[in-house]
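Generate the whole structure from the sequences, applying the supplied hints.
Protein chains: 2
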Amino acid sequence: MDNQEAILKLLLETLKANTSSTEKKEETYEIPVGVSNRHIHLSQVDMNCLFGEGYQMTKMKDLSQPGQYACKETVTICGPKGAIEKVRVLGPVRGHTQVEVLVGDCFKLGVVSEIRLSGDLHGTPGITLVGPKGSVQIAEGLVVAQRHIHMNSEDAKRLGVQDGQIVSIEVDGARGGIYSNVAIRANDGSALEFHVDTEEANAMHINALSKIRIIK
Amino acid sequence: MDNQEAILKLLLETLKANTSSTEKKEETYEIPVGVSNRHIHLSQVDMNCLFGEGYQMTKMKDLSQPGQYACKETVTICGPKGAIEKVRVLGPVRGHTQVEVLVGDCFKLGVVSEIRLSGDLHGTPGITLVGPKGSVQIAEGLVVAQRHIHMNSEDAKRLGVQDGQIVSIEVDGARGGIYSNVAIRANDGSALEFHVDTEEANAMHINALSKIRIIK
Chain A
1 MDNQEAILKL LLETLKANTS STEKKEETYE IPVGVSNRHI HLSQVDMNCL FGEGYQMTKM
61 KDLSQPGQYA CKETVTICGP KGAIEKVRVL GPVRGHTQVE VLVGDCFKLG VVSEIRLSGD
121 LHGTPGITLV GPKGSVQIAE GLVVAQRHIH MNSEDAKRLG VQDGQIVSIE VDGARGGIYS
181 NVAIRANDGS ALEFHVDTEE ANAMHINALS KIRIIK
Chain B
1 MDNQEAILKL LLETLKANTS STEKKEETYE IPVGVSNRHI HLSQVDMNCL FGEGYQMTKM
61 KDLSQPGQYA CKETVTICGP KGAIEKVRVL GPVRGHTQVE VLVGDCFKLG VVSEIRLSGD
121 LHGTPGITLV GPKGSVQIAE GLVVAQRHIH MNSEDAKRLG VQDGQIVSIE VDGARGGIYS
181 NVAIRANDGS ALEFHVDTEE ANAMHINALS KIRIIK
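Chains as they are written, first to last, in the numbering used here: chain A, 1 to 216; chain B, 1 to 216.
Among these hints, one or two may not hold up.
Put simply, identical chains are the same to the list, so a pair is met inside one copy or across any two.
To be verified - Cut-off 25 Å, straight-line C-alpha distance, at most; resulting in silico cross-link-like pairs (SDA-like, lysine to any residue): (1) Lys108 to Leu209; (2) Lys108 to Ala191; (3) Lys108 to Ile84; (4) Lys59 to Asn37; (5) Lys108 to Gly173.
Calculated from the structure, these hints are not laboratory results.
Computed from a predicted model, the values in this text were never measured in an experiment.
Okay, here's the thing in structure tokens:
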């Protein structure tokens with residue numbers, strides 16, 4: 001057994017020496033980090049219930065993903081065990097209301113935390129939303145975001161990945177480590193960005209300026 | 001290059017097949033997970049300032065580490081940007097006051113987040129503590145805990161690690177991954193437990209019942 005391990009170690013070192021130039025090239029391709037706090041995407045029907053018939057949201061700030069923006073509006077979300085105030089509404093309006101919260105929020109609200117990619121809402125918990133003009137109880141749509149990397153097809157080609165692929169992300173530092181199960185979301189309307197929520201960012205002590213690496 | 005990789009793959013598979021019985025043995029050695037929220041350890045001098053001269057804390061609940069307990073008492077911690085109420089006091093009294101917070105708390109308080117092992121307080125931020133009988137401004141002692149594994153020397157022997165060693169911890173699941181820089185803290189007054197804070201636990205979606213593995 002010891003001999004086998006020694007042979008393997010030598011072979012691995014040889015391979016590493018041979019591939020180091022390629023690896024270095026890959027590592028210099030920087031991926032910006034985007035950190036999200038809890039937020040909500042609203043359908044027009046739910047928007048009408050919460051803010052009044054035909055209400056239009058008010059853009060406050062563009063987000064890094066083209067066409068996406070934070071709104072002045074916020075809502076309160078209420079579960080069986082507690083409520084969270086001032087949850088930011090993001091625009092534009094979507095086909096289905098989607099509430100993206102932290103795992104810690106799920107304890108506070110008293111709901112199960114379901115890790116999902118955006119849009120995959122089947123079987124997720126419902127929740128009550130309260131706005132200035134009324135409230136609405138959605139039957140499903142409360143998720144904890146699965147970490148993912150947005151990119152366009154050119155980024156995907158350069159990084160050697162494709163839409164739907166699952167990769168890992170490595171982080172250095174005192175709280176470094178590896179995030180597994182990071183989904184590649186490649187389409188030409190997207191800007192390159194690794195998306196995590198505040199708990200995921202804080203756990204690895206990363207922020208928008210951190211350097212990260214894809215591991216396939 | 002392709003040939004080299006193919007050879008390596010075959011060799012690795014052979015080695016894996018040969019060592020699987022040993023690996024399985026190691027994996028069945030379970031390490032309980034302990035998740036900490038923010039809390040404070042007080043010196044008697046600071047306790048006197050906050051709760052009154054000669055004050056004795058009131059034990060509420062034993063913790064998993066022998067001799068450690070949560071108290072009924074809480075304090076408010078105040079930084080330049082904000083305050084956090086109801087921070088739990090842990091007993092017994094220590095030589096130096098130590099405030100252990102989350103990275104997210106540091107943003108709220110407006111202080112730098114320093115990742116440290118318990119007791120390593122030199123150069124960490126100060127903070128103001130407020131109790132029912134007075135307040136005290138500590139010059140240093142606010143830390144974000146470095147993840148670590150408590151164990152006794154017998155556990156260390158069985159796990160093949162030693163006090164002060166740095167290992168990694170692997171976690172499965174939709175939010176799985178690897179925590180790097182996990183410090184081994186082996187001494188005979190300790191119970192086997194992997195300690196993370198709530199942000200670290202939520203980021204990997206683990207709790208007290210989760211299965212984890214040491215990677216050396």
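Outcome of the hint check:
For a Cα distance limit of 25 Å, the shortest separation of Lys108 from Leu209 across copies, 19 Å, qualifies, whereas the shortest one inside one copy, 30 Å, does not. In this assembly of identical chains, the alpha carbons of Lys108 and Ala191 never lie at most 25 Å apart, being 33 Å within a copy and 29 Å across copies at closest. Taking identical chains as interchangeable, the C-alpha atoms of Lys108 and Ile84 lie at most 25 Å apart whether they share a chain (8 Å) or sit on different chains (17 Å). Proximity of Lys59 to Asn37 under the C-alpha cut-off of 25 Å is restricted to the intra-copy arrangement: shortest distance 18 Å within a copy versus 36 Å between copies.
Taking the shortest alpha-carbon separations for Lys108 and Gly173, only the inter-copy value of 22 Å comes in at or below 25 Å, while the best intra-copy value is 30 Å.
The structure fails hint 2 only (numbered hints given earlier).
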